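Participant: If you count by numbering that gives the first Met the number 0, then the sequence shown holds residues 0 to 423, one letter each, in order.
Quick caveat, the hints were computed from the structure, so don't treat them as lab data. Note that the structure is a prediction, hence the values are computed from the model and not measured. Glycine included, every Cβ here is placed at the ideal spot set by N, Cα and C. One or more of the hints may lead you astray.
[To be verified] Between beta-carbon pairs, the in silico distance windows are: (1) Ser267 <-> Ser204: 50 to 60 Å; (2) Lys334 <-> Phe171: 44 to 54 Å; (3) Ser51 <-> Gln356: 49 to 59 Å; (4) Val300 <-> Lys35: 43 to 53 Å; (5) Gln170 <-> Leu351: 34 to 44 Å; (6) Glu372 <-> Ser219: 31 to 41 Å.
[Unchecked claim] The calculated lysine to any residue pairs, modelled on SDA-like cross-linking and capped at a C-alpha distance of 20 Å, are: (7) Lys237 <-> Asp280; (8) Lys342 <-> Lys275; (9) Lys52 <-> Leu42; (10) Lys35 <-> His211; (11) Lys353 <-> Pro335; (12) Lys174 <-> Ile164; (13) Lys272 <-> Lys334; (14) Lys89 <-> Leu11; (15) Lys163 <-> Thr126; (16) Lys174 <-> Thr126; (17) Lys272 <-> Arg304; (18) Lys334 <-> Val311; (19) Lys89 <-> Lys163; (20) Lys174 <-> Lys52; (21) Lys353 <-> Met324; (22) Lys342 <-> Lys237; (23) Lys338 <-> His365.
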Amino acid sequence: MSTVKSNQMDLLRFATAGSVDDGKSTLIGRLLLDSKSIFADQLEAVESTSKSKGYDYTDLALLTDGLRSEREQGITIDVAYRYFATPNRKFIIADTPGHVQYTRNMVTGASTADLGLVLVDARQGLTEQSRRHAVILSLLRVPHLVLAVNKMDLVDYSQEVYDKIHNEFTQFATKLNIPDLEVIPISALAGDNVVNRSENMSWYSGPTLMHHLENVHVASDRDLIDARFPVQYVVRPKSDEFHDYRGYAGMVAGGVLKPGDEVVVLPSGMTSKISKIDLFDKEVTEAFPPMSVTVHLEDDVDVSRGDMIARVKNAPQPSQDIDAMICWMTTAPLKPRQKLAIKHTTRTARALVKDIQYRLDVNTLHRDQETKELGVNEIGRVQLRTTVPLLCDPYSQNRTTGSFILIDEATGVTVGAGMITSSS
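With the hints as constraints, model all of the structure from the sequences given.
Facilitator: Here's what the structure looks like:
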């Protein structure tokens, strides 16, 4: 195998959120259209449908609202993933629904996002939903946030309207954990400041939406200090060509791994050194998030799925008592003493709900400490006790090793998503 340095494709994952009729689906349609990511026959079909509905414009929202119920109501319900690329970057859009009854869908779509895109209608200004979207993105530690003030064409491209929304949201954002905020005035329908700079808003000197998406720096958002490698699979081909091949496959969750690094395998505590790192059919000199690689160790130590490889002097502490913020996703409420399966990285265990400390009102940030249960789409702080130790970090430090899902053991359905605040 030749040793080469890995060149990762520059990829930005971003989640969109907005209230009904803020023009979110139209904006995504505009991004796809102006970045030339739509086939001619797709565009012709949308133009034809728009004409049959009596519109005097092309309804770009039809490119993204795929479900029949979404098209009939003119709203987004499911999380839809869209892919497009420009010469500078590849993009994955998680198009998430905005309504409060689909909070769980938004949490799912935004959990892996590098950037959150919140739309507001320039005519309506900031709404309760807009604030809720910002709070959820902040809870999920999405590092970059863009507030797109849409439908500027309907307020005559007024700087006064933009400034009012900009100032109000900036003030609200000081209460949240939002490290990077950009406010951009746009018109998704007319194309102003989406891909091409608007001639109607000469007073705005900031970037267009596409320019910001192409250039926002995300490489340093991931934890590149604390080495974390959850083992997903032990690779043993047992073939004549790879008779003695033994590697540990998985996705790097944190830090940078290099051949020669001294590492510890948890929970056993056995130590060894990395002998080499394979990336499909080639050897690489280092591995970092979110690369999927196969790690080889110099010694034959006992390693299996669910174990974690970390640095000897910087390893996570195995913990059975977990404090976490949980978004509950099913109609049957979460109650104390409930037993569930928990999946954390590649490790699966059982968990007991010890206590529900409070329910968070995502509109006002009020903590209801009197609550005895969490209902569907509600978020609260919960204490769990697991049957086996989890190798975890706080979610604020690492979004991969700091998150988990809860599963109903009887049905196998995912019923909750958790973000670890502390463990012991």
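Participant: Each hint should be assessed against the structure and marked as holding or not.
Facilitator: Against the structure, the hints come out as follows:
1. Roughly 58 Å separates the CB atoms of Ser267 and Ser204, a value that falls within the hinted 50 to 60 Å.
2. A hinted range of 44 to 54 Å for the beta carbons of Lys334 and Phe171 is inconsistent with their spacing of about 33 Å.
3. Taking 49 to 59 Å as the suggested C-beta distance range, the pair Ser51 and Gln356 conforms, at roughly 54 Å.
4. As the Cβ distance of Val300 to Lys35 is approximately 51 Å, the hint placing it in 43 to 53 Å holds.
5. Here the CB-CB span from Gln170 to Leu351 is close to 42 Å, well matched to the stated 34 to 44 Å.
6. A hinted range of 31 to 41 Å for the beta carbons of Glu372 and Ser219 is consistent with their spacing of about 40 Å.
7. Taking the CA atoms of Lys237 and Asp280, the gap is near 17 Å; set against the 20 Å cutoff, the hint holds.
8. Taking the CA atoms of Lys342 and Lys275, the gap is near 29 Å; set against the 20 Å cutoff, the hint is violated.
9. With a C-alpha separation of about 15 Å, the suggested pair Lys52 and Leu42 falls inside the 20 Å cut-off, and the hint holds.
10. For the hint linking Lys35 to His211, the alpha-carbon distance of about 18 Å falls within 20 Å, and the restraint holds.
11. The hinted pair formed by Lys353 and Pro335 meets the criterion: a straight-line CA distance of about 6 Å does not exceed 20 Å.
12. A distance of roughly 16 Å separates the Cα atoms of Lys174 and Ile164; the hinted pair therefore holds under the 20 Å criterion.
13. Between Lys272 and Lys334 the alpha-carbon distance is near 45 Å, which puts this suggested pair outside the 20 Å criterion.
14. Restraint check for Lys89 and Leu11: satisfied, since their Cα atoms lie roughly 6 Å apart, inside the 20 Å limit.
15. A C-alpha spacing of about 13 Å is found between Lys163 and Thr126, which places the hinted pair at or below 20 Å, so the restraint holds.
16. Proximity of Lys174 to Thr126 is assessed by CA-CA distance (about 16 Å); at most 20 Å being required, the pair is judged to hold.
17. About 19 Å separates the Cα atoms of Lys272 and Arg304, which keeps this hinted pair within 20 Å; it holds.
18. Proximity of Lys334 to Val311 is assessed by CA-CA distance (about 39 Å); at most 20 Å being required, the pair is judged violated.
19. Taking the CA atoms of Lys89 and Lys163, the gap is about 33 Å. The hint is violated against a cut of 20 Å.
20. Distance hint between Lys174 and Lys52 is unfulfilled; the C-alpha atoms sit about 44 Å from each other, more than 20 Å.
21. The straight-line distance between the Cα atoms of Lys353 and Met324 is roughly 14 Å, inside the 20 Å bound, and the hint therefore holds.
22. About 30 Å separates the Cα atoms of Lys342 and Lys237, which puts this hinted pair outside 20 Å; it is violated.
23. Straight-line distance between C-alpha atoms of Lys338 and His365 comes to about 28 Å, which puts the hinted pair past the 20 Å bound.
Against the hints set out earlier in the document, violations occur for numbers 2, 8, 13, 18, 19, 20, 22, 23.
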